[in-house]
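S.K.: One-letter residues, chain by chain:
Protein chains: 2
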Amino acid sequence: MDPHDLVVVTGRRLQRVEDVLDGWFDVASARGERFGSHHAHLIENLRRNTSGGKRFRPRMVLTAFETLGGGDLEIAARVAAAFELLHTALIVHDDVIDRDFVRRGQPNVSGSYRDRATTAGISLPLAEHRGMSVAVIAGDLALAGAYRLVDGCGADELTRGRLIELLDDAVSAAAAGEFADVDFSMHNTMPTVDEVIEMERLKTAWYSFEAPLQAGAVVAGAGLATIDALGRFGRNIGIAYQIVDDVLGVFGEEDVTGKSAVGDLREGKRTVLIAHAATRPEWDAVRHLFGSADLDQEDAACIREVLVASGARTYAERLASDFANRAWEALAEDSVPASTRAELAPVVRSVLERTR
Amino acid sequence: MDPHDLVVVTGRRLQRVEDVLDGWFDVASARGERFGSHHAHLIENLRRNTSGGKRFRPRMVLTAFETLGGGDLEIAARVAAAFELLHTALIVHDDVIDRDFVRRGQPNVSGSYRDRATTAGISLPLAEHRGMSVAVIAGDLALAGAYRLVDGCGADELTRGRLIELLDDAVSAAAAGEFADVDFSMHNTMPTVDEVIEMERLKTAWYSFEAPLQAGAVVAGAGLATIDALGRFGRNIGIAYQIVDDVLGVFGEEDVTGKSAVGDLREGKRTVLIAHAATRPEWDAVRHLFGSADLDQEDAACIREVLVASGARTYAERLASDFANRAWEALAEDSVPASTRAELAPVVRSVLERTR
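Residue numbers (the numbering used here), protein chains in the order written: chain A, 1 to 356; chain B, 357 to 712.
Everything labelled a hint here was simulated from the structure, so no lab data went into it.
Hints are not guaranteed to be accurate.
Stretch by stretch, here's where chain B covers chain A in the computed footprint (C-beta under 8 Å, at least three residues) [claimed, not checked]:
1) 27 to 39
2) 94 to 104
3) 115 to 126
4) 164 to 175
5) 180 to 189
6) 276 to 284
7) 323 to 337
The C-beta atom is built at its ideal place from N, Cα and C for all residues, glycine as well.
Make a model of the complete structure from these sequences and hints.
M.R.: Here's what the structure looks like:
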């Protein structure tokens, strides 16, 4: 089960986030009068690429805000929407970096503009570059939108300053994590387990769990100890989530996870699972298969066997449990009210029981 | 002569901008403690790519601020530094879009990380993609930095809101202009002169002239009529500057301009000069040469002949004069104090007399 489904945020509150997002896109789109049809076109494309998500980060903001007794939903909704736009910006740019042209079965920003270019008769390599170019621009607009939403969230000066700092830290972390990930793929050496964990924490966990939870707490006017505990909860559960995700990327049932169990192995994705296996003698037998562009189902089965035999799978699953336990501990602190604990505990369980 | 050299901003004021920039980089770099060595590495690379510029946009901010009687230099310096970071963000991403790996004779962000990758034994195409990936991330950090600087500039709430709006409009305009430019190159049809002017206004003039001048005026507490007049001045002189730049890109003396007079023709850059020529029958003789990857000096000479014979060169030069005259008119308005006029008038002259 996905943690998304377990975080109970009342529909009314989440609807306010949708309204804020719609409002932002409407205003941005209407600015086409000043910035021309190209701007409006980009904004509508971004809108499509932002819709239909699970709103995980807004849910984190609102869960903290709601259970910590926050009063001004309007401010929380704007901050929640800002984290959704930040997410859009980061995945649009991440897709450029990964040269992905599809997300959730649909052409992403790069993909839709690539397709537009090939339809106009442009050769594929050039069309791909054009699509990626537009995606760079679109991501910039979404990133700017996140700052603009927090800037205009309506909180008092002190609160706004702290929210901007949380947003800014999340951007810096994501940038550092993305760069570390690019760096891993640039060298033939395998990163250590700790290096992989640090990369995943920076690249995803920070802006997805840690920062939105803390932002919701800040809007609610929570004390420093609570904000700190929620940060630790977010960091640890975020890392646990990522490790489980990586295990599922190799061992998950394709018809349950909805994604290929060969993709990660074929692209040579550096995960905790692989970083651990690579330190074991068993790995020598499959090292040449890992990251090979023509890796097939049979090769994948060989690697999986080694991942099990070398103890890497067990190691990764235990590591995920360890981080989930640290998340529990953060939740158990006195500074965290029972209602917050009750709301977030299922997230821990769902991460550990996750099979898709 | 470059307009940069004619805008007289006292050294002390410009030094404050350098201090703010240095401070921003120092703080960002020190955050490596939280975000790891990858973050610090990126920041130092961005610092190198921001240093040594002519600080044209900060000069615009400070000129408006200073001549309009602005009092709080600290605020103006932060806003000025924000526009410099925005410039860095936009050129770093523009270089990704143009697949440029060199700027001002030095490897740019993409170039330095590409070189690092090839040194590590990565094949060139992959290394180029890695370099561009890091540049996408670095540009995001610089863009976030621009927002952060304006957010924390210390102005009162109302002023800060207006400054963020100016920054935001500049980002939207630059994105729209960049996209229009990408779009031009995606189709075989030639844009009209008006379309090229609109693209250049959005892509460069807005964030380089219009927005910084208005931001300086806002910090100085100028009235709406003055801000409006400076906006019109900036827009028109910015367009004039760009048209002259495009003419020099084809007719300039390489040893004076410091850049190849063949590059623009070879890459098929859509400029006012070309958009006008393409509507004339004389163009048919050279149409096949324009944008050809193996265009040589002789081909370039043929195109130049046609640009002169068809009247395109004269047309472009007159158009630049027209826009410069509109800039004069904006400066001549009653709402613009004599000191501001005296400081900005040389910019108009320098654009018109520009030979490099």
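S.K.: Now tell me, hint by hint, if it's right for this structure.
M.R.: Hints, verified against the model:
As drawn, the segment 27 to 39 of chain A meets chain B at 7 residues by the rule of a beta-carbon pair under 8 Å; at three or more, the given contact holds. Coverage of the segment 94 to 104 of chain A by chain B holds [criterion: at least 3 residues with CB-CB distance below 8 Å; count 3]. Proximity of the segment 115 to 126 of chain A to chain B, defined as three or more residues with a beta carbon under 8 Å from a beta carbon of that chain, is established by the 5 residues found. Three residues within the 8 Å Cβ limit are the bar, and the segment 164 to 175 of chain A against chain B gives 7, so the coverage statement holds.
Counting residues of the segment 180 to 189 of chain A whose C-beta sits closer than 8 Å to any C-beta of chain B gives 7, which meets the bar of three, so the coverage hint holds. Counting residues of the segment 276 to 284 of chain A whose C-beta lies closer than 8 Å to any C-beta of chain B gives 0; at least three are required, and the coverage claim is violated. For the segment 323 to 337 of chain A, the assignment as covered by chain B is violated, since 0 residues bring a beta-carbon within under 8 Å of that chain's beta-carbons and 3 are needed.
The earlier numbered hints that this structure contradicts are 6, 7.
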